[in-house]
Amino acid sequence: VRAALGHLRPVRVVGVGLHPYQRPSDTPYTALGVHAVRAALADAGLAWTDVETAYTGTATTAMGMSRLMYRHLGATGIPMAQVENASASGSTAFRQACIDVAAGLADVAIAVGVDKPLQFSSPQRAAGVRDLVGSRVVPFTHFALLAQRYMYDHGATAEQLAMVAVKNSRNGALNPSAQRRKARTLAEVLAPPQVSGVLTRLQCCPISEGAAAVLVASDDAIERLGLDGDRAVRVLSSVARSETVYDGENFDAALTRETAAQALGEAGVTAADLDIVELHDAFTVEELLYIEAMGISPAGRAAADLEAGQFDIGGRVAVSASGGLLAMGHPIGPTGVGQVCEITTQLRGEAGERQHPGARTGLAHMVGVGAVCIVHVLRKG
Amino acid sequence: MRVPAHPGLYEVEADVPSLIGTRCSACGRPYFPPLPVGCEVCGASEDRLDTAALEARGVIYSLARVYVHHGAPEAPFTIAEIQLDGGPLIRGMLSADAGELEIGQPVSAVWAVTGTDASGDDIVEPAFVGAVHP
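Read top to bottom, the protein sequences are chains A and S. Heads up: the first sequence is residues 1235 to 1615, going by this note's numbering. Heads up: the second sequence is residues 3 to 136, going by this note's numbering.
Rather than coming from a laboratory, the hints here were simulated on the basis of the structure. Since the model is a prediction, treat every value here as computed from it, not as a measurement. Among the clues, some could well be false.
Listed below are several chain S residues computed to face chain A (Cβ distance under 8 Å; list not exhaustive) [unchecked claim]:
#: 1; residue: E57
#: 2; residue: V61
#: 3; residue: S64
#: 4; residue: L65
#: 5; residue: R67
#: 6; residue: H71
#: 7; residue: G94
Example chain S residues on the side facing chain A (calculated, C-beta under 8 Å, incomplete) [what the hints assert, rightly or not]:
#: 8; residue: L11
#: 9; residue: V43
#: 10; residue: V70
#: 11; residue: E83
#: 12; residue: L86
#: 13; residue: M95
#: 14; residue: A98
Ideal placement from N, C-alpha and C gives every residue a C-beta, glycine not left out.
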């Protein structure tokens, strides 16, 4: 019989750490990653020698890159592996760390996302897939096409789409780990350069580097190592799915709908219970599509709900309180791990200026080209 | 003579472009671009994936005017998603002469010249323009 994660040993996030997301620099990935790991260890009150297994979410840096990084913490001989799942690499690394603890394969596991934008490969090219448009459609045009169709279907305006970036820039301005730290007005977001369709530059995530680390532990380890159980955050569910054939429905939205529904169901909560949502807002239209796909707003209502402030910090549910991919940045491997850092910080009540009051239940969502979708639901206590 | 910009995706001899797709003989699913190896819907193997001509006509599902592009062609240009009358949702270029088109409008393909090869032949691809559907 198949068991959901929540039916295995309880898994709790006990430590989180980040290297700020930033414009690509000369800093080696090893320094980015070790910075985040040390921060997570300090946050948890753990030593590197307590960590029993490591998963590295990475997609654009280098083959076999884990040990060259972790050796700087002292080479303990633990198992380690890179996890590549496109934009969902970090989320998948976190899921693997959770699975190891839930299954009893480890008591303390770490998921580290780290990347520099050094090499982007094309699975279509490797597969020999050719179409009429080729390189003329890059991700921003894929999402510009989605945006145009969303506006056509629901009567949303270009200004309403841009308001996603206004909100997320406001949140990013409060996040010391964010790459874009300037609150933007609607006029600034709508200003040229126009990139594709209605999308302007500030409605597209930046190219980033950075690192994020999350330590997960069993209850045995929390007791044995004397960790602060009051600051621990339970991983209620972990669900991963891949695209099937969706006739007449956008695949990004359909895949999110299926994956989020399963993750909420396995966690025993509903969309209405969510206080904090971090989602794949690489382009403004995505936030509206995914809010609807998750059931947080009815179809076609997300733009109006956003305009009414429902997704602000302090609103009905804080969406992209970190600034999201649009403002915090999207370094690929770190992104999904960084979402768990933000949700954990919010559920602990430690988010300072960007704290969402009364945050109890959070959801992390990433999609990756291919396409895959990963959703985790977390709860305090 | 016309030379295809994308060999294997369309026949260049005809005056009106038609697309070379695939139809799965096990489940009937049509594909464009052509699908090798195995069927995405039913998993049938390659010997069930038959070449099938698809008329290059359909209805605009979405549009995007691209303003930033590195390489040829020079931006701006317009990409369309088109629900083909024959089934698949495809992506193609709107013709530079297509004028203002909107979601829901019928379109069909004409030849667009993208360059000239060493022998002086036109390199062509299908590009979509507004059409009147019967």
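- Message: Please check whether E83 of chain S passes as an interface residue: C-beta within 8 Å of a C-beta belonging to chain A.
- Response: With a closest approach of 6 Å, the E83 of chain S hint holds.
- chain A contact restraint on V43 of chain S - CB to CB distance below 8 Å: 5 Å, holds
- Let me know if the C-beta of A98 of chain S comes in closer than 8 Å to any C-beta of chain A, holds or violated. Since chain A brings no Cβ nearer than about 13 Å to A98 of chain S, farther than 8 Å, the hint is violated.
- Task: Under 8 Å, Cβ to Cβ, is where V61 of chain S needs to be relative to chain A, so tell me if that hint holds or is violated.
- Result: 12 Å, violated
- Satisfaction of the L86 of chain S interface hint, Cβ to chain A closer than 8 Å: 12 Å, violated
- Task: Let me know if the C-beta of V70 of chain S comes in closer than 8 Å to any C-beta of chain A, holds or violated.
- Result: 5 Å, holds
- How about E57 of chain S: closest beta carbon in chain A under 8 Å, or not? E57 of chain S check fails; min Cβ-Cβ to chain A is 15 Å, beyond 8 Å.
- Task: Return the status of the interface hint for L65 of chain S: holds when the least beta-carbon distance to chain A is below 8 Å, violated otherwise.
- Result: 6 Å, holds
- Please verify that hint: G94 of chain S, Cβ, nearest Cβ of chain A, below 8 Å or not. 5 Å, holds
- Message: Please check whether M95 of chain S passes as an interface residue: C-beta within 8 Å of a C-beta belonging to chain A.
- Response: 7 Å, holds
- Close enough to count: is the Cβ of S64 of chain S nearer than 8 Å to one in chain A? Where the cut-off is 8 Å and the nearest Cβ of chain A is about 4 Å from S64 of chain S, the hint holds.
- Message: Let's test the interface hint: is any C-beta of chain A closer than 8 Å to that of H71 of chain S?
- Response: 7 Å, holds
The structure shown violates the earlier hints numbered 1, 2, 12 and 14.
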